[in-house]
Amino acid sequence: MIVNGKNIDYKEGITVENLLDKLDLNMDKVVVEVNLNIISKENYSDILLNKEDKIEIISFVGGG
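Residue numbering for the sequence shown follows full-length UniProt numbering, beginning at 1 and increasing consecutively.
Keep in mind the hints are simulated off the structure, nothing from the lab. A hint or two may mislead.
[To be verified] With a straight-line Cα cutoff of 30 Å, these simulated DSSO-like cross-link-like pairs (lysine-lysine) come out:
#1 K41 x K54
#2 K6 x K51
#3 K6 x K54
[Said to hold, decoys possible] The calculated label-pair distances, taken between Cβ atoms and stated as ranges, are:
#4 F60 x G5: 17 to 27 Å
#5 K41 x N4: 14 to 24 Å
#6 G13 x G62: 31 to 41 Å
#7 L36 x F60: 17 to 27 Å
#8 K6 x F60: 13 to 23 Å
#9 G5 x I39: 14 to 24 Å
#10 K11 x G62: 28 to 38 Å
#11 E12 x G62: 13 to 23 Å
#12 G13 x E33: 13 to 23 Å
#13 M27 x I2: 13 to 23 Å
#14 S59 x Y10: 10 to 20 Å
We put the CB at the ideal spot given by N, CA and C, even for glycine.
Please put together the full structure from these sequences, using the hints given.
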């Protein structure tokens with residue numbers, strides 16, 4: 001699968017939530033897009049990913 005433009009080799013069938021855990025990202029502070037579709041946070045544990053998927057993860061960063 002391609003995550004933020006990089007080829008990443010993860011086991012097929014992991015969920016969006018599993019991917020965020022593996023990348024050590026807080027799911028409350030990101031937006032995830034899979035194949036040009038924004039995924040609702042409540043669906044992160046239901047959406048299964050496969051090796052052809054293109055995933056974009058955008059993190060929110062606070063500052064001043």
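Results for each hint:
1. K41 x K54: holds (18 Å)
2. K6 x K51: holds (12 Å)
3. K6 x K54: Answer holds: K6 to K54 is near 9 Å, not above 30 Å.
4. F60 x G5: 17 to 27 Å: Roughly 19 Å apart at Cβ, these two residues keep to the hinted range, so it holds.
5. K41 x N4: 14 to 24 Å: holds (18 Å)
6. G13 x G62: 31 to 41 Å: For G13 and G62 the Cβ distance comes to about 34 Å; the hint holds.
7. L36 x F60: 17 to 27 Å: The hinted range 17 to 27 Å holds for L36 and F60, with Cβ atoms some 20 Å apart.
8. K6 x F60: 13 to 23 Å: Given range 13 to 23 Å: holds, Cβ gap about 20 Å.
9. G5 x I39: 14 to 24 Å: Cβ of G5 to Cβ of I39: about 18 Å, so the range 14 to 24 Å holds.
10. K11 x G62: 28 to 38 Å: Between K11 and G62, where Cβ atoms are some 33 Å apart, the hint holds.
11. E12 x G62: 13 to 23 Å: Violated, since E12 and G62 (Cβ atoms, about 35 Å apart) do not stay within the stated range.
12. G13 x E33: 13 to 23 Å: holds (19 Å)
13. M27 x I2: 13 to 23 Å: holds (20 Å)
14. S59 x Y10: 10 to 20 Å: Since the Cβ atoms of S59 and Y10 sit about 19 Å apart, the hinted range of 10 to 20 Å holds.
When the structure is compared with the earlier hints, a violation turns up for hint 11 alone.
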